[in-house]
Structure formats: C-alpha cells, structure tokens
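Sequences listed follow chains A and B, in order. Taking numbering that gives the first Met the number 0, the leading residue of the first sequence gets 0, the next gets one more, and so forth. Taking numbering that gives the first Met the number 0, the leading residue of the second sequence gets 0, the next gets one more, and so forth.
Worth flagging that the hints you see were computed from the coordinates, not collected in a lab. Please read these numbers as outputs of a predicted model, since none were measured by experiment. Heads up, a few of these hints could be off.
[Unchecked claim] Below, computed lysine to any residue pairings styled on SDA-like, alpha-carbon distance capped at 25 Å: (1) B:K166 / A:E161; (2) B:K50 / A:D18; (3) B:K121 / A:D18; (4) B:K102 / B:T80; (5) A:K152 / B:D19; (6) B:K104 / B:K57; (7) B:K166 / A:G133; (8) B:K104 / B:E125.
Here is what each chain is made of, one letter per residue.
Protein chains: 2
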Amino acid sequence: MRKVTFGGANSLDNYFARDDDAVDWLMWSDEVGEIMKDFWARMDCIVMGRKTYDVAMKMTPKGKKIKNPYGDLETYVFSRTLEPGAHDGVKIISDDPGKFVAKLKKRKGKEICVLGGGDLAKTLFEAGVIDEIGFNIQPVLLGSGVPLFHRMKRQIDLELLECRALKNGCVYVLYSLKHE
Amino acid sequence: MRKVTFGGANSLDNYFARDDDAVDWLMWSDEVGEIMKDFWARMDCIVMGRKTYDVAMKMTPKGKKIKNPYGDLETYVFSRTLEPGAHDGVKIISDDPGKFVAKLKKRKGKEICVLGGGDLAKTLFEAGVIDEIGFNIQPVLLGSGVPLFHRMKRQIDLELLECRALKNGCVYVLYSLKHE
Chain A
0 MRKVTFGGAN
10 SLDNYFARDD
20 DAVDWLMWSD
30 EVGEIMKDFW
40 ARMDCIVMGR
50 KTYDVAMKMT
60 PKGKKIKNPY
70 GDLETYVFSR
80 TLEPGAHDGV
90 KIISDDPGKF
100 VAKLKKRKGK
110 EICVLGGGDL
120 AKTLFEAGVI
130 DEIGFNIQPV
140 LLGSGVPLFH
150 RMKRQIDLEL
160 LECRALKNGC
170 VYVLYSLKHE
Chain B
0 MRKVTFGGAN
10 SLDNYFARDD
20 DAVDWLMWSD
30 EVGEIMKDFW
40 ARMDCIVMGR
50 KTYDVAMKMT
60 PKGKKIKNPY
70 GDLETYVFSR
80 TLEPGAHDGV
90 KIISDDPGKF
100 VAKLKKRKGK
110 EICVLGGGDL
120 AKTLFEAGVI
130 DEIGFNIQPV
140 LLGSGVPLFH
150 RMKRQIDLEL
160 LECRALKNGC
170 VYVLYSLKHE
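Excised from the complex, chain A in its bound form (with noise of 0.2 Å):
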C-alpha cells in the first residue's frame, strides 16, 4: 500500500499561507532544501485541492502555457467546480477524495503527497487515508492567514517519527497517524 503524507511549512500559529496566500515568510536554507529534495525523491503522485490549484496556477508566469506546476509527478485536483479530466497535465477528479484516494493507495506507485491547505486534508484525515504528516514549523506567529489544520470530527493520535531542529530556527516534525 503507498503511503500518503501531508506535508509542507507552517507557523507556530498554524497558518500555511497569508490571508492573500502570499508565502514569502517560508524561510529557505540549504537544510531546508536536502529535506525537501529527500521528501521529494520518495515520492511520484500529489494529490490537491481546487485552492490550492489555483494558488498554483498564479505562480505561473503570465503568456506562458500553464503547466503542472509540478513537473512530472502524477497531479490530482479535486474539484466540485472545474470539469473532470485531463486539463494541461493535471487530473481534474471531482469523485470522493477520500474514497478516490483509497484507490490510489492500491495502485502501484511511490508515495503520495497531500499538498496545500487543511481543506482537502481534513476530508482525507477523517477518511481515515493519511499516513504521515511532515511539517517544517517556521519561527513565526503570522497573526492571520489561511489554517493548515482545520477542525474535524474526531482526535487523531500520533507518533514522532522525527524531529529536527534547523540552523534557521525551523523546526522539523513528522508523524505518523496511529490508525484505530
């Protein structure tokens, strides 16, 4: 069964991005970076919300194509809105995310990411298809912004796997989800 992670940066606060979705106070290192690269290379599939799509969309640079801003990992955007199916590299799914989910989880493959706000990751929390979160906690209270965790019907308990402090003040955390 591939595993499936929801991952990123956050505040101490538990924002993931500014009320405008700006992400400029993410602090970068070359820490930073070997964890991303590592956190990366196990992974072949990324599994988003229609936000967090279209935040990702505006990064793209106007006149050109839009493209997966993901390269060639296999991209999953649920959607009740947009028109399912195969739009400039990503795939458009407005099934059940955790129903849909569950079935990737069959299929043969490296791992999934769960990328973006806690929208789409507290559907899949309470469907019972996350794994692991991995987080990079940034030294910061924003004040405001856009939750990472949102409220959810039941407690889910962890276990740290790892934690690590950075030069920058970051701090590393991953769990895994300790599945009833």
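Following the hints, put chain B in place on chain A, whose structure we already have.
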C-alpha cells in the same frame, strides 16, 4: 526587567484544551516533570484571563475553600466583570492588561508566566510585553477545542532558543520574540 513567558502545552493543531476545557489528553512523563520544575523555579508571578481562572477554580474540590490554584505565586486575573481587588489569594484586575503587565515587568521579582488560552496572550502579544513562548507540543490532532494562538493584528518573528524531542513523542519548543 522581568521576563514574561507565555507557556503551556498544545496539540499539533493549535488547541490547548477541548471544547469543554478538558486537558485529559495531555501526556505526562518524568521528562515533562523536569521541564515543568525548571520552568516554575524561574517564576514568581502568574497572569491569566478570567476564563482560565474559572477553569482552575472548577478543578478545586467542592466543599473546599476556593484558593489560588497556583499556591504561593503572586497571581493576577484580568476581568471586566469580576469585582477588582484581592479574592481568595488572587488579585482581580480590571485595568488594561498590556499596561498592567508592562508595570509588573518593571517591579523587582522573578519571571512572569502568562497562563491559559489565547485571549489574554493575544492582548499581551499585541501590547508587546511578552518575551518568550515555551510550549510542549503533544503528538495529537485534537480536531476541535480552545485555540492557543488567536488572530492578531500583526506578525511576530521568533527566534528558536530550544527544541527537545521527548521520549513520549512531545516536542518542547522555546522561542524568544524579536521585538522591533
């Protein structure tokens, strides 16, 4: 100038208590005990909001005289509704919390701890009187509860002073606030 620390424990999804104020999910261990012992040895003063005070009072056994739940530490409770003055070992304060804590910092004494949920902390963060944040992040997504960090008017940059992964899966982090 006395140092002011916002300290406690939280879930990975930024809650410090369940919706019903329960903290039954907090993990205890000898390591946590050592950190708490060192922490409280540096403090001689607590400030808290009225809601945190109510929760602490609820934990006092029925039939017993209500007393300051924090023993002989000087304790201030900020409230707009309770009558100001000394009650049962605590001092009820109706003054502006930011200005009051700024004055407290100038008095002689050990360090000051800001306890409880984020309502008072938000006010004190915005007033610029908090110096450090020390939290024991528990390996759990509670899914719902009382948020630790509330929305604030501005971003606050932090410096990581300490990060310790505990054997029970908690991550203890200590930050200082970068004041402009």
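So, going through the hints one by one against the coordinates:
A hinted pair counts as satisfied when its Cα atoms are at most 25 Å apart, and B:K166 with A:E161 qualifies at roughly 11 Å. For the hint linking B:K50 to A:D18, the alpha-carbon distance of about 29 Å lies beyond 25 Å, and the restraint is violated. Pair hint B:K121 plus A:D18 holds up; C-alpha atoms about 18 Å apart against a cutoff of 25 Å. For a cut-off of 25 Å, the pair hint linking B:K102 to B:T80 stands: about 22 Å separates their Cα positions.
At most 25 Å may separate the alpha-carbon atoms for a hinted pair to count; A:K152 and B:D19 meet this at roughly 15 Å. Straight-line distance between C-alpha atoms of B:K104 and B:K57 comes to about 29 Å, which puts the hinted pair past the 25 Å bound. Restraint check: the Cα-Cα separation between B:K166 and A:G133 comes to about 19 Å, which is no more than 25 Å; the hinted pair holds. The suggested pairing of B:K104 with B:E125 holds, with an alpha-carbon distance near 16 Å, which does not exceed 25 Å.
In this structure, the hints that do not hold are numbers 2 and 6, in rising order.
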